[in-house]
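Q: Respectively, the protein sequence lines represent chains A and B.
For what it's worth, UniProt numbering labels the leading residue of the first sequence as 1, then goes sequentially.
For what it's worth, UniProt numbering labels the leading residue of the second sequence as 1, then goes sequentially.
Just so you know, these hints were derived from the structure itself, not from any lab.
Quick reminder that beta carbons are idealized off the backbone N, C-alpha and C, glycines included.
One or more of the hints may lead you astray.
Unchecked claim - Partner residues aside, some chain A positions facing chain B, computed with beta carbon under 7 angstroms:
#, residue
1, Ala21
2, Glu91
3, Asp110
What follows is each chain in one-letter form.
2 protein chains.
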Amino acid sequence: MTHSQTNHAQVNRTTPSSELAKIMAHPESFRLLYFPVEAQGQTSRDLLTYGGANWESASPQNWLEEKDKTPFGCLPVLFINKGDKQVVISETHAVENYLAKHFGLMGDNDYEETMIRAFYCSSVSLFSNFQASVVWNMPEVREKTLAGFKSRQLAHWVKTHERHLLENGNNGHYIGNKMSLADIRTVNLIRHFSFQPYGAELMEIISQAPALIKLRETVESDPKMHQWKNSDEAKKLADSSKAFFANPFAATGKPTA
Amino acid sequence: MTHSQTNHAQVNRTTPSSELAKIMAHPESFRLLYFPVEAQGQTSRDLLTYGGANWESASPQNWLEEKDKTPFGCLPVLFINKGDKQVVISETHAVENYLAKHFGLMGDNDYEETMIRAFYCSSVSLFSNFQASVVWNMPEVREKTLAGFKSRQLAHWVKTHERHLLENGNNGHYIGNKMSLADIRTVNLIRHFSFQPYGAELMEIISQAPALIKLRETVESDPKMHQWKNSDEAKKLADSSKAFFANPFAATGKPTA
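If we strip away everything but chain A, and leave its shape as in the complex, we get (with noise of 0.2 angstroms):
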């Protein structure tokens, strides 16, 4: 049995699940099956580098036939090794919120817990949106919409988080002086968009807020960030990031919506 053959109902359903959260919190590696883009994928793997875990990254080879052996049929899945034993967790929110508790980077306390899921699920549903409204959309009303998704969408994320960052005392975090899911997340959402074909566009809204720069300079020169980023592994998921999202539809071979 392949890694990528396996399903909660296999592994999971077997251990009582205080068992399973015994694994979790004492991991001994982890394995992230995920397309070779960045993605939904890239902060799940900038978790496990900034936390200095022992991993690796596979890709699915046949993903149409493996896509119905993993528990939600989506991508990312982690699967997290003690010894014989694992855990599989799926889903992009429910993986990257317990990789970051893992690594501290959920704050001291339940406030400060609770902003950075604020400002991590106002950046991920900015995404959601993008996706859905612009790069999946009909490519009869792609134009329009991007058009709408500039003016209004990104523009009022843009101006809330610069306000929220600048209130923080532009220090490069969302919360106090320490990194953050939200940090990590938002870094990602803005180099998304730098790999779309009309990336320039997005990005002259974004250079427009210093603050956010500001952010995306403070997590990339993080060192083992900046080591990772700019590995040959990094490199290769960024060209293969912006060779992707040229043309999406003929990347998957989906119909038109």
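Following the hints, position chain B against chain A.
A: Coordinates of chain B only, in the frame set by chain A:
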């Protein structure tokens, strides 16, 4: 100062986050600000109801004026009160995560919490996708995107969730034999579909998934939830949700994208 004129900067920043966390841990009462429809506010209302909280509901009087005074320029906003102190939190998922955790609806350990978050996020993602690709999409493509949504995203979500619910013993819950945030969010997603002008088509697909129907019945027949769902206020919210989504563009005066 009315509640709706409060933002994070005014209220939260003058108090150390550890003090704000204490207010959140021992709240005396809540006020939830949201539009007078179900949509993104109903899960918070249900959580407050299920938790037996002392809470009141409020709606903006003039949203365009009040918008910039909220933390993210969006609703719901939750005001958490203890004596003369108050914490203001916003962004749907951050509010819902806090309330669910506070009222014991996030499972018994980190594994259960992660699984609850996975099911929850899967339902939240489907909601977001539906809003962006169908409800708020350009009218000229809505028929096509609705067809695509039904045959792909909705069908896939129903299949995946039905399988998990059956694996959990078809007991009306996602995890173990107790109510969770995921149960409540999924029921509100199904209700949201039922409010759409083409709701019958969507409900026809869901009606073929008996474990999802069982989940809805279980949540809605909980004594506190049953009483709340049958109150005049809740019935009015359901009616106004239907009325709103009959023509959402007309209701908001938004341009059609």
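Q: None of the hints should be skipped; say for each whether it holds.
A: Going through the hints against the structure:
Evaluation of the Ala21(A) hint against chain B yields a held restraint, the C-beta minimum of about 4 angstroms falling below 7 angstroms. At a threshold of 7 angstroms, the smallest CB-CB gap from Glu91(A) to chain B is about 4 angstroms, leaving the interface hint in force. Hint status for Asp110(A): holds, given a least beta-carbon distance of 5 angstroms to chain B, under 7 angstroms.
Checked against the numbered hints listed earlier, the structure breaks none of them; every hint is satisfied.
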